[in-house]
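Participant: Chain order of the listed sequences is A and H. With the numbering used here applied, the first sequence corresponds to residues 620 to 873, in that order. With the numbering used here applied, the second sequence corresponds to residues 340 to 621, in that order.
Hint data in this document are derived by calculation from the structure and do not stem from the laboratory. One should not assume that every hint holds.
As the list claims (entries may be wrong) - Only pairs whose alpha carbons sit at most 20 Å apart, straight line, appear in this in silico PhoX-like list of lysine-lysine: (1) H/438 to H/473; (2) A/637 to H/615; (3) A/752 to A/651; (4) A/623 to A/651; (5) H/620 to A/736; (6) A/816 to A/760; (7) H/501 to H/620; (8) A/651 to A/713; (9) A/737 to H/520; (10) H/501 to A/713; (11) A/713 to H/620; (12) H/501 to H/347; (13) H/615 to H/473; (14) A/713 to A/739.
Said to hold, decoys possible - From the structure, some residues in chain H lie toward chain A, with a derived Cβ separation under 10 Å: (15) 437; (16) 518; (17) 549; (18) 550.
Built from N, CA and C at the ideal position, the CB exists for glycine as well.
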Amino acid sequence: MADKVLNIRGLNAFYGSKKAVADVNIDFFKNKITAIMGPSGCGKTTFLRCINRIHEVNIEARARIEGDIFLNGENIAKMHPILVRRRIGMVFQKPNPFPHMTIYDNVIAGYRLNGIKKKKHEFDTLVEESLRKIALWDEVKDSLYDRGTFLSGGQQQRLCMARALAMNPDVILLDEPTSALDPIATAKIEGLLSELKEHVSIIIVTHNMAQAGRISDYTAFFYLGEMLEYGTTEKLFTNPAHEKTENFLTGQFG
Amino acid sequence: MKELTVKKRMAKDRLFHSLVLFFASLVVIPLLFLLGYIFKKGIAVINWDFIVSMPAGVGESGGGIVHSLVGTLLLILIAVFLSVPVAVGAALFINDHPKNRISQLIRFTVDMLQGIPSIIMGIVIYIWIVLPMKNFSALAGGVALGIMMLPIIIKSTEETLKMVPESLKEASLALGAPYYKTVLRVILPAGLSGILTGILLGVSRIAGETAPLLFTAFGNPFLNTDLFKPVDALPLLIYNYSTSPYPEWIRIAWGASFILVTFVLILNLITRWVVKKWQIKF
Numbered sequence: 620m621a622d623k624v625l626n627i628r629g630l631n632a633f634y635g636s637k638k639a640v641a642d643v644n645i646d647f648f649k650n651k652i653t654a655i656m657g658p659s660g661c662g663k664t665t666f667l668r669c670i671n672r673i674h675e676v677n678i679e680a681r682a683r684i685e686g687d688i689f690l691n692g693e694n695i696a697k698m699h700p701i702l703v704r705r706r707i708g709m710v711f712q713k714p715n716p717f718p719h720m721t722i723y724d725n726v727i728a729g730y731r732l733n734g735i736k737k738k739k740h741e742f743d744t745l746v747e748e749s750l751r752k753i754a755l756w757d758e759v760k761d762s763l764y765d766r767g768t769f770l771s772g773g774q775q776q777r778l779c780m781a782r783a784l785a786m787n788p789d790v791i792l793l794d795e796p797t798s799a800l801d802p803i804a805t806a807k808i809e810g811l812l813s814e815l816k817e818h819v820s821i822i823i824v825t826h827n828m829a830q831a832g833r834i835s836d837y838t839a840f841f842y843l844g845e846m847l848e849y850g851t852t853e854k855l856f857t858n859p860a861h862e863k864t865e866n867f868l869t870g871q872f873g
Numbered sequence: 340m341k342e343l344t345v346k347k348r349m350a351k352d353r354l355f356h357s358l359v360l361f362f363a364s365l366v367v368i369p370l371l372f373l374l375g376y377i378f379k380k381g382i383a384v385i386n387w388d389f390i391v392s393m394p395a396g397v398g399e400s401g402g403g404i405v406h407s408l409v410g411t412l413l414l415i416l417i418a419v420f421l422s423v424p425v426a427v428g429a430a431l432f433i434n435d436h437p438k439n440r441i442s443q444l445i446r447f448t449v450d451m452l453q454g455i456p457s458i459i460m461g462i463v464i465y466i467w468i469v470l471p472m473k474n475f476s477a478l479a480g481g482v483a484l485g486i487m488m489l490p491i492i493i494k495s496t497e498e499t500l501k502m503v504p505e506s507l508k509e510a511s512l513a514l515g516a517p518y519y520k521t522v523l524r525v526i527l528p529a530g531l532s533g534i535l536t537g538i539l540l541g542v543s544r545i546a547g548e549t550a551p552l553l554f555t556a557f558g559n560p561f562l563n564t565d566l567f568k569p570v571d572a573l574p575l576l577i578y579n580y581s582t583s584p585y586p587e588w589i590r591i592a593w594g595a596s597f598i599l600v601t602f603v604l605i606l607n608l609i610t611r612w613v614v615k616k617w618q619i620k621f
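Chain H with its partners taken away, still in its complex shape:
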């Protein structure tokens, strides 16, 4: 009798283990298929010409997407340039004054920002920047993306700063170092790997954003590096080309998807490398 209960239990246990494994693979399999599909469809389109030349006219074969690659890089640069100082500043303040009213407000806003649909971000920036300047622009797109990545960088920087021991800050201040030197030369370098990780994660998060760019960067069939003119971006190009009736354009959209996915993948690999290489154990 007793023997039987034990066997029953062991069978149940095995069943449970297999269920866990089943659901775990349910996560991995679609992702692998998705990646595989994008690679299969995209890789055929990719060649050097695709990366460095402008799109060909309708009906012609060949051509490339250099204008949206440049546009995406420009947008990311603007976003990083605008959001990193703000985010690091906010995280420093929260870390120094954890119970302060403003810190609580920042934390609340960060949580809210993460939940705001990106299309709404696009519309708000449209009203704030595009309308007054009477022009779609790379700047407006960069601002929208910058706000999208703010919460990610603030959160990861705050977590990193929490790990930097108070004793290091005191060691610096006890030497007579002013606060700004303590921050710039001691606290931030000690937390560099975490802050960089946050920035990289933020970039890979916004690299594929389409919605906030629809009303801001707008898209542009020509190569543009002027901050005050509309620019193209990979996700915008994918959106426009994949909904077009031309098979050649749809092929190009697959190629662009491949490049975008590879870019995000590489960013993630770099992030891991940064963590491993530069992390300081306390």
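So that you can see chain A by itself, here it is in the shape it has in the complex:
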């Protein structure tokens, strides 16, 4: 158990009466990158959003889950969602820095929004550390007090990663973080992930199997709301156990 950060048992997710994720059992390893891969509409994003309970936010969607999710052995259903989300960070598909805040304030937005007070020099260090982690420091160190919206899409997305990392979470969830970016920005972010996993466990949703192959240690393959296969990326890509996985990997659907 010690090397597992998240244990998920019998997870079902529904939108109203429609089932989107069916009976998923999975353990995520500490300080590893796990890719969740599958064709669109397979429930991978829904699954990811259950992990930090962000699915509860949109009341109109009437999303609900059954089953248990344990973060370091603690049942997240019994924790306050606010505490869950402080320990499980998230980066979204489209870069979404806060447009009315400076780059500096964006990085420490988690602290500001939670009313956590720190001394100015502590925040300074935190901002620099977080921006260095995602290799944005050198690019923005002279414009920390400008609004973040003038940055390129890739820089904005890295800023969003810095914002999530600054909270020092146990896990960070990435929901197709590069799907809105160009190949160069994508390569940059992919390169960062292998360094980041020293600090944090990473779960990344992607419909791009090449990306999953390049960056992840473990891969889970989702299809029609079910998890068909889970294992080391090497094993899953070279010797898939399931026929559907093989078909997906060989490009027969997706």
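For chain A, the structure is supplied; the task is to place chain H on it using the hints.
Facilitator: Here is chain H on its own, set in the frame of chain A:
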């Protein structure tokens, strides 16, 4: 033959263009005349004394309208203070729960409120506030005006909140921020320009309202800043003075009209400036 049809069509087309232009100018010309007339009649009355001093007695010349300027500002402050929190709250709720029964009810009420004649608003507030308190008051006037501007602020805030992407709200919540911080520190600041625009438009809409004040703020020939006493207001002063038999008072009514129109004009200019300066593109 063919040549002729084309020419005919082009002539018709030109005629149509001129008609459109004609009707368009029909809108602008009376408005310009109206503004011009008010400016011509009013500007002669305006001087510093007119703005800062109390009215002179009947038959005396000079004097000013400071009591109704102060009254109008007081009424607007009360109206804004009362209606903005309610309106922003309502708009937030509608935006978060678009299909909820209460949201539908709010939307329906907002549409109805916009259609209610302002004199009726005045009478209702008279029954609700003036009668129980046994006194005409600035408070009653402010409440009447506040209700008048509610629908405007709710609508513009709702439109603004729709433009704030869901992803920003999620970004904040995903950091563990509680809902109230997300609203106060992320959603409202991101929509600030639209909300301010709504408030300014609402103010310029109610600044000239006379009917709801007749039974509530009532008017007062003296300077008053007590919320529980009657106050004067520019539209009330214009109404009372322009129907009086004294030429001097009629002149003052023109001066007050000029000030009221200029005030609304300036508000509109500020609104444009706010939109340009503070709007955040998503």
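Participant: It remains to establish, for every hint, whether it holds in the given structure.
Facilitator: Comparing the hints with the structure gives:
no. : hint           : verdict
1   : H/438 to H/473 : 42 Å, violated
2   : A/637 to H/615 : 45 Å, violated
3   : A/752 to A/651 : 16 Å, holds
4   : A/623 to A/651 : 10 Å, holds
5   : H/620 to A/736 : 30 Å, violated
6   : A/816 to A/760 : 24 Å, violated
7   : H/501 to H/620 : 13 Å, holds
8   : A/651 to A/713 : 24 Å, violated
9   : A/737 to H/520 : 18 Å, holds
10  : H/501 to A/713 : 18 Å, holds
11  : A/713 to H/620 : 15 Å, holds
12  : H/501 to H/347 : 49 Å, violated
13  : H/615 to H/473 : 46 Å, violated
14  : A/713 to A/739 : 30 Å, violated
15  : 437            : 7 Å, holds
16  : 518            : 9 Å, holds
17  : 549            : 39 Å, violated
18  : 550            : 40 Å, violated
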